[in-house]
Amino acid sequence: MRAAKALRISTVGLRGVVGTGITAAHVIDFAAAFGTFLESKKPVVIGRDPRASGVMIREGIASALLACGHDVIDLGIVSTPVLQHSIRRLDAAGGISIGASHNSAEWNALKFLGPDGVYLSTAEANELLDFYHLRKFGFVEWNAIGTLRTDDTALDAYLDELSQAFAFDRLRRFRVLVDCCNGTSSIILKRLNQRFGFDFVLINARTEGISFAHEPATQESTVELQLAPLVKPVNADAGFLFDIDSDRVAMATEQGCAVSEEMMLPILADHLLPKSSGKLVITNLSTTALLEEIAARHGGSVVRVPVGRQAAMDALATYRPEQIAVAGEGTGAVMMPRFRFVYDGIASMLGVLSMMDERGLKLSEIVGAYPPYSILKGQVPLVSQRIPALLTQLQKIHADGRANTVDGLRVDWAGRWFHVRVSQTEPIVRIICEQLGSPPLSLFQSLTELVRNFA
Amino acid sequence: MPREHPLKIGVSGIRGVVGEFLTPALARAFAQAFGTYVGSGRVIVGRDTRASGPMLQHAVQCGLLAAGCEVVDVGVLPTPTIQIYTAASHARGGLAITASHNPPEYNALKMFNSQGQFFNHYERGELLDLYHQSDFQQAVNGEIRGVTCDFDAPPKIHLERILRHIDLDKIRARKFRVALDGVNGAGSKLSVRFLAEVLGCDLHAISVDPAKPFPRIAEPRPDTLGDLSALVQRERCDIGFGQDPDGDRLAIAGDNGIVFDNDDVLALVVDSALARTPGDVVVNLSTSAVIDDVAARYGRSVYRTPVGEANVVETMQAVGAAIGGEGSNGGIIFPPVHLCRDSYTGIAFVLDSMAAADKTICELHARLPRYYRKMGQVAFEHGRLGPMMQALDSQFPEARKDRTDGLKIMLPDGWIHVRASNTEPLLRLGAEAKSDWRLEELYADVLKVLAS
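From first to last, the protein sequence lines are chains A and B. Just so you know, we're using my numbering here: the first sequence kicks off at 1 and counts up by one. Just so you know, we're using my numbering here: the second sequence kicks off at 1001 and counts up by one.
Hints should not be assumed to be uniformly reliable.
What the hints assert, rightly or not - If you anchor each label on the Cβ, the simulated ranges turn out as follows:
#	chain 1	residue 1	chain 2	residue 2	range
1	A	THR153	B	LEU1426	51 to 61 Å
2	B	CYS1149	A	HIS133	33 to 43 Å
3	A	GLU141	B	ARG1276	40 to 50 Å
4	B	PHE1151	A	LYS136	33 to 43 Å
5	B	CYS1149	A	ILE210	17 to 27 Å
6	A	GLU141	B	SER1421	18 to 28 Å
7	B	ASP1073	A	VAL406	49 to 59 Å
8	B	CYS1149	A	ASP91	56 to 66 Å
9	A	ARG191	B	GLY1226	56 to 66 Å
Since the hints were derived computationally from the structure, they do not count as laboratory data. Yeah, the Cβ is synthetic: ideal placement off N, Cα and C, and Gly gets one too.
Next comes chain A alone, as it looks inside the complex (with noise of 0.2 Å):
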């Protein structure tokens, strides 16, 4: 990526790189906008992923929050989950998580939360945009400025609620092999073989600040290279690779095959339906219609929203949480209304592990009994203008599936669909394919090639 484009400040956040693209300026004034948005004075929790830029952005965020009035809580280096529940613990006004997830260490990001612990929906995310541009800051006088404290006990906090929702006496049993990529994963996993007995075996297992072993992606590619020919050598159970910031885990099974990062949502859509009385999945318009197959299954059915994680929030918003089995994407990162709406790779993780518990099945024999798709994705440098005329065209050429114009085009035909949407994060084309069998090489290839001739 460009240094240029190495800065996105959107709904999303702040994301970019350190220094050439976020600077403390920017941290300084994202920051004090979010204090002068919240409209409530309650305290601010922070908490940083193990960059060496955090500690930076740690002080930038602290100043700027205790300018505007507000007690800031410090977690000090914590997954993004763990923030996210110690908001709702401590009664805050919202947080604010530093950490750029599955970025790579020169990369660093603000995301902002709410008094829930949730990401804000996209329309109170747009005022904090409009409080960052317009730069007038609430800061108050001298004698009312916040102070800070730090905070140790969120970790625990958060294993307890884990301990409430899933059977940790049966769970214990399991050896687990846990590539935690020097990030969060490694703290709390540390804490959960010291405090509950568990058998999880941890690789990069060290915080590190400057580089990590390897990309943090959950990705199946990843897992097969890092992860996967370490499984059988342990003994293990199964084995999982989580992200930076601990939302998003990809696995490989017992006998040391990667799964694909497709599979967390419906393997835990099949766990979580029968015993839910929310029957929805929600999740995006790019993941795997095995979901459509599996909801069917438990008389559930499927809601798909654009890609992003806005879109998935704003679309969660409208339903009561009882209504709602599971929320997702194919990237690893999945959310269950036990634990409010959090992106929680820590959760889903256990949640694999109950499935095997309960169904008595290893985890490739619970993989090898879904139908096998085979899913490809690819992406085209986004150059040119000339992306409505790209999609219409495409649509043209296969107007024989049904179409769904809602981010970018989606057409499905029986056991087969394709994607092709701009991403928001990156200047590129991304080109996504999947079908039930063997992989969808020729449409893949047509698709690509066209939208390197649009693009």
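Given chain A, work out where chain B should sit, using these hints.
What follows is chain B alone, placed relative to chain A:
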């Protein structure tokens, strides 16, 4: 109508009313300019006890880290302690978050070079240019260092340096009854420790809680130290010390409870220093002639500089001075401890003199020649500053004049100094004479000329 300046960005750094004016963004930018200027390396950061201190410290640390500096947080400490530690720890520079004697709604950044001294005139200009150009060093993730804390070493080093120059046993043996007004400032803890534990005094202290707000006007002067004066009398103390919020300024109350003029405090310390060290004296143009008399006793010269600690320090370095300071604002600078204003050096030297001479502080004070001084200020309209000075100049055609900082008119029996303030849109005036009536006459003359 006096013009109000709630924010001041200049060669002395940045200073203003916190909130609308002195914002986290400004503090961050100035710190990042500073970090860019001193280069990636260790920078010492400390602060006084103002409520806005922690907020601004986070902003400053953000800017320093963004410039690639490694931050050493020394917490709440007097400014001289921070300066000494900056030099002693071989850091690239230091930063004190303090508005010194200004009211609590103000805060400011004091910036120091690797020797723990204020930047010289040339360097201050360069730093200000860097700030205005906004072309800061922007460290990438791999270049960003962390924040470490060191709360114990700086006070230890500071006190050790002072103790080399006094007769500790003699002072301890006297068990002086000492009163202290710490203004709940950055020195509150250190002053108690220094006086009670190190110097073995019987200490009666007020306003030494750094968590509480300033209980009085922060500048330690005779008219702001009523509580100290009362404390000295009530507890029948041998001496009383009054500090400012960042521990660089010192005022002294005698055993009769009367608070000395700050120029006399400097004179007492100059006397004490010249007795133990060779070298000359440097003071600013507004400092009393009592200093010349004390220096003359030892056959030393007195150099005069424009007002401002940095100016005094620059000349002290150039002439290798034994001691220096600024009378009116209670600043005492003794180079063997450090080239900075330090109330602790003043405290130690005065107690040392009392122990050595076996005299009370009032007896020592009585040995100083008596001068009468008056300080004041007048507002000026834009464009009127020159004509006002010129009118004064022609009023005293015969007098010796010094024009290095405003206009100083030296008469056989006194002097007048008028200068534009660096921090406020005011003309500051000072006058001194050998008698009360002559002072009033001179002062009235000046006011009349300035008003015409």
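Task: Violated constraints from the hint list, given by number and in increasing order - done: 8
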